[in-house]
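Number of protein chains: 4
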Amino acid sequence: MSIVLGPNQYGKAEVRLVRVDRDTARHRITDLNITSQLRGDFHATHESGDNTGVIATDTQKNTVNAFARDGVGSPETFLLRLARHFLTEPQVTGGRWLAEQYGWERIATGASVDVAAGPGTTAGSGADAGGHDHAFVRGAAERRTALVHADDSGLTVLAGLRDVTVLKSTGSEFSGFPRDRYTTLPEVDDRILATDVTAWWRYAPSFTETAGPAEYDRRFAAVRSLLLETFAQLHSLALQQTVFAMGKAVLEAFDDVAEIRLSCPNNHHFLVDLEPFGLDNPGEVFFAADRPYGLIEAAVQRSENGSEHPVWSTIGGFV
Amino acid sequence: MSIVLGPNQYGKAEVRLVRVDRDTARHRITDLNITSQLRGDFHATHESGDNTGVIATDTQKNTVNAFARDGVGSPETFLLRLARHFLTEPQVTGGRWLAEQYGWERIATGASVDVAAGPGTTAGSGADAGGHDHAFVRGAAERRTALVHADDSGLTVLAGLRDVTVLKSTGSEFSGFPRDRYTTLPEVDDRILATDVTAWWRYAPSFTETAGPAEYDRRFAAVRSLLLETFAQLHSLALQQTVFAMGKAVLEAFDDVAEIRLSCPNNHHFLVDLEPFGLDNPGEVFFAADRPYGLIEAAVQRSENGSEHPVWSTIGGFV
Amino acid sequence: MSIVLGPNQYGKAEVRLVRVDRDTARHRITDLNITSQLRGDFHATHESGDNTGVIATDTQKNTVNAFARDGVGSPETFLLRLARHFLTEPQVTGGRWLAEQYGWERIATGASVDVAAGPGTTAGSGADAGGHDHAFVRGAAERRTALVHADDSGLTVLAGLRDVTVLKSTGSEFSGFPRDRYTTLPEVDDRILATDVTAWWRYAPSFTETAGPAEYDRRFAAVRSLLLETFAQLHSLALQQTVFAMGKAVLEAFDDVAEIRLSCPNNHHFLVDLEPFGLDNPGEVFFAADRPYGLIEAAVQRSENGSEHPVWSTIGGFV
Amino acid sequence: MSIVLGPNQYGKAEVRLVRVDRDTARHRITDLNITSQLRGDFHATHESGDNTGVIATDTQKNTVNAFARDGVGSPETFLLRLARHFLTEPQVTGGRWLAEQYGWERIATGASVDVAAGPGTTAGSGADAGGHDHAFVRGAAERRTALVHADDSGLTVLAGLRDVTVLKSTGSEFSGFPRDRYTTLPEVDDRILATDVTAWWRYAPSFTETAGPAEYDRRFAAVRSLLLETFAQLHSLALQQTVFAMGKAVLEAFDDVAEIRLSCPNNHHFLVDLEPFGLDNPGEVFFAADRPYGLIEAAVQRSENGSEHPVWSTIGGFV
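Respectively, the protein sequence lines represent chains A, B, C and D. Under the numbering used here, the first residue of the first sequence is numbered 1, with each subsequent residue one higher. Under the numbering used here, the first residue of the second sequence is numbered 1, with each subsequent residue one higher. Under the numbering used here, the first residue of the third sequence is numbered 1, with each subsequent residue one higher. Under the numbering used here, the first residue of the fourth sequence is numbered 1, with each subsequent residue one higher.
Read the hints as simulated data drawn from the structure, not as lab findings. No experiment lies behind these values; they were computed from the predicted model shown. Among the clues, some could well be false.
[Unchecked claim] On the chain A side, residues computed to face chain C include the following (Cβ under 8 Å):
#1 PRO292
#2 SER303
#3 GLU304
[What the hints assert, rightly or not] Covered, in the sense of this in silico footprint (three residues per stretch, anywhere, with C-beta under 8 Å from a C-beta of chain A), are these stretches of chain C:
#4 173–180
#5 188–200
#6 205–218
#7 256–270
#8 298–304
We put the CB at the ideal spot given by N, CA and C, even for glycine.
Pulled out of the complex, with its shape left as it was, chain A reads as follows:
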């Protein structure tokens, strides 16, 4: 018996890259946070500090920046390009490339200015309709995510989103659960249901073999819309039911999505007891709690898929 190096990876994390496409006066910006991690034969540096094979993390960062000179395309295609580059090195046998993308909208100008109340209200009907040529305002806190994983079996592409905060002010109940010595929760037939959706879906090879940046962008937008619309439309008997329905809707709509995983906190909104003040509270005044929170996590899969895909051990997360 001896003590040995097990699984390992290394790289540069959170390279904050902003790419301006300025081929016309109407600029586009792509705002990314990119992590590159390599796997392979790196015993020498761990065991004796021999760095002969270590592609410096600084070099990985430089490569990200240099590749951006040619344009980013979609996050997925950009990561694939990085993966293929690093995999040409003999000591690199795999890796993990991750991107988070922040959303920006064009600042409304002139007649298109929207005077509706509320912070963050946006004008125009989408990222590219109207608005200023080169001035932008940051959109929602949510991020689009992408991950490319490489191992002996090839390249796998995940797409996802993080912290899409949604809330239903009715159309949610929770009852029928068992009551034991430690149960005090009352059953409710009308509650606020709120969560921050994090999801990852895995594209089948049939998609990744042909998709270009435009296909990845359109597919992301379509999956995001479907997740939100399902959250909105389903009358929910449990957050578990909503989570499963969201995932199922995506698999039903897109054959080339092989599976999807969701992680959804239950952001509790407690009805405030106003009785001590002589007031009723018919579902109108709520306290938005921070902690603790429920946490519902599930994978939705196709029955013909067999054992766990290795990519899931690399996302650093749920299930």
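Keeping the supplied structure of chain A fixed, place chains B, C and D upon it in accordance with the hints.
For chains B, C and D alone, kept in the frame of chain A given last:
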């Protein structure tokens, strides 16, 4: 000489209140973070722990919740109502009530689903056009803010916004600054200009004496739009010039805004040097730095205003 | 082919529990953040909202609190108790219980007050030597962690720590790495090495079958000390070498630690170029960067261990 | 009437400087976050983008780094040096220089390794007793702070601390407060009292005219110890009483501290109701809540001091 109690205030901070207006099937939600702080004669509790006059912070929280039962209206009018309530207590001679409001948009459904690329892209032309009746998605990370301050001279109302992140991909330069022994910054005639706008503006009594919730909401939206549009339209020679122009535009447009203060970090985006890789970089690839950052803060006022208004010492911030 | 529920888990996250042991006038406090997640047969709630088998997350929270009435012991033994409780329910076939513990020190009083400079300097030689009976000051931001995982093969116990921030001001170099088109990093023979150590180690059954709270506490402290001392003593040729040495030292010292995994960002401290100001900089003035950062992650194992232990897919993290 | 520039300031924020003193093999590190802001005649840049007088924020950063080459001394003396430098420029008539300092302790080695339980437990009796020559571990999350303010009346020095988290597990009660329609809080004669102490104290000219780095360091440590010891020793009838007593103790002990201000959240720890589970809870099991929280803020002054000192409008905070 003796040691005495100086200025003091106390209260409950960050009461997380979500109000659902459900008088029709088309719900509205108001999502607030409210702080209530009282000033007055509180010597006894400080000096001997005699709490006879101390309106418990828990009672302040309860009052916030109970008042929400009647509806919130605008943040400004809700805070005014709280202020007037607490000022009826004889030991309370002043106070400070603060609100932050989070933005929500209706989830798009059916044909209105937008399939444009990018996270956070919103469909519809505003908070109330189209979208689901009772399902919402959180908007931008920015917050609308309001503050009511009470002292011997009466009630003062500030409105504001925080962390409105904006970026111009061109139309900004910086040159002509002095060069001393410690100056290494090159002059640039085209750079990214990015900031997180925080602003507070003070309403003149002519506004607050008559404004209702709808006026506060409309005015907030109009000021926000004007700040953004000015940021977008001005060709900037310095972030200071942009900040002053933003404030000036608001005072020019609205006579009943007495003054405005802005605090704007300069979120540096450094052009990446791609020369070592044999590449040029004509304003396309940038590194978004975290720290340090520039910080530009200024008040824009009307010349007839005299000395500093006391409200500014209570906002817990800049200038 | 059909669409089916895959792996799933649910529970209550971040139950913030503070336990005061007050059997004598010399109180002890245990400050924990606990997450409980169950796995098993939960198809009905996902597929139709039938909650017959769903032990409410609120009930899980109540159970945590009720069990704390009997004392916490060590985080590991407390989680084991929770696991065994929930596993008595027929529909529960596994789960994941996680704890983070925050450190507190007794406030120094009287002659033991330490007047050395610097924030956070602590007096006394440990948590229980000297200091006040029931007044405490929060220690370092680092947290002690524990995880109990249950599946068909039984219970597995991990212990760990997060965000132990360490820095060497010399005794670190980095050279000998390959240079390609994208390499600009100079070789250095003296640099600052700084990281935030996150580690998880898995206890062998030989340990968990007999260990009580005191053994878990002592073992945690001994592993933490050994990790820090190894970081301090090793002359480092690469952060990879340091990470592997830290893990190896633990496996060498403790036969009943089966394996250990470490995740260590390389918190870059860049030597500031003072030449433009006519000054040298012999390793004295550094800029502590935020992003990007290197990220080094490795498992250190015993050679006789075979395939990957299933617990590692549940820690939500690295490798 | 016209629209004019009001109060303004600009500079570089959060310069992350780590200074290594390596004149002997026993290194010392000083870890600072420094902000420099200038005030004066900056109308031209605001009104027309004429930067002739604008000392670039990048130049301010460079100056911080260059000055660190000579050593930092204490944060207060370092900021004074920066202030005096920038005030030699004719357009600069004032400014604000701020430092936050992070604490580090030497890593224990050899026999001094401490095996007591709990994260963050430190060995040795202070920052410079025992421990490794050049390897350090980060201390508590709290920070030491310093601020130098310059205006027509000269230079003012504040010292302070932030986020010193303290907790008493007994010796605190709260009762005797008034009960109105909105009061539901029960009176308690034994509760947990917990807060994050933020304090700023102003040194009298008699101190700042002669103090060197060692005096500032010793005084900081002495004030910190006194604040903590007072928190620990006072039987508290209200957090207000504790806050006032902490400030009063400092003014009584040190004649050359002119005044002190404290801002202390009341970090509520709610006794969990275990009755539904057939259990009592004699002050042992608590829920540590996040929001809302009480917020107690007060100045403690000497009676002969007259009107408000102008420095307080610049700290960006309470009262």
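Each hint, compared with the structure:
1. PRO292: holds, 5 Å
2. SER303: holds, 5 Å
3. GLU304: holds, 5 Å
4. 173–180: Coverage by chain A holds here, the residue count being 6 at a Cβ distance below 8 Å.
5. 188–200: Contact hint for the segment 188–200 of chain C vs chain A: violated, 0 residues under 8 Å.
6. 205–218: violated (count 0)
7. 256–270: Check passed, 4 qualifying residues.
8. 298–304: Coverage by chain A holds for the segment 298–304 of chain C (7 residues, Cβ < 8 Å).
Of the numbered hints stated above, those contradicted by the structure are hints 5, 6, listed in ascending order.
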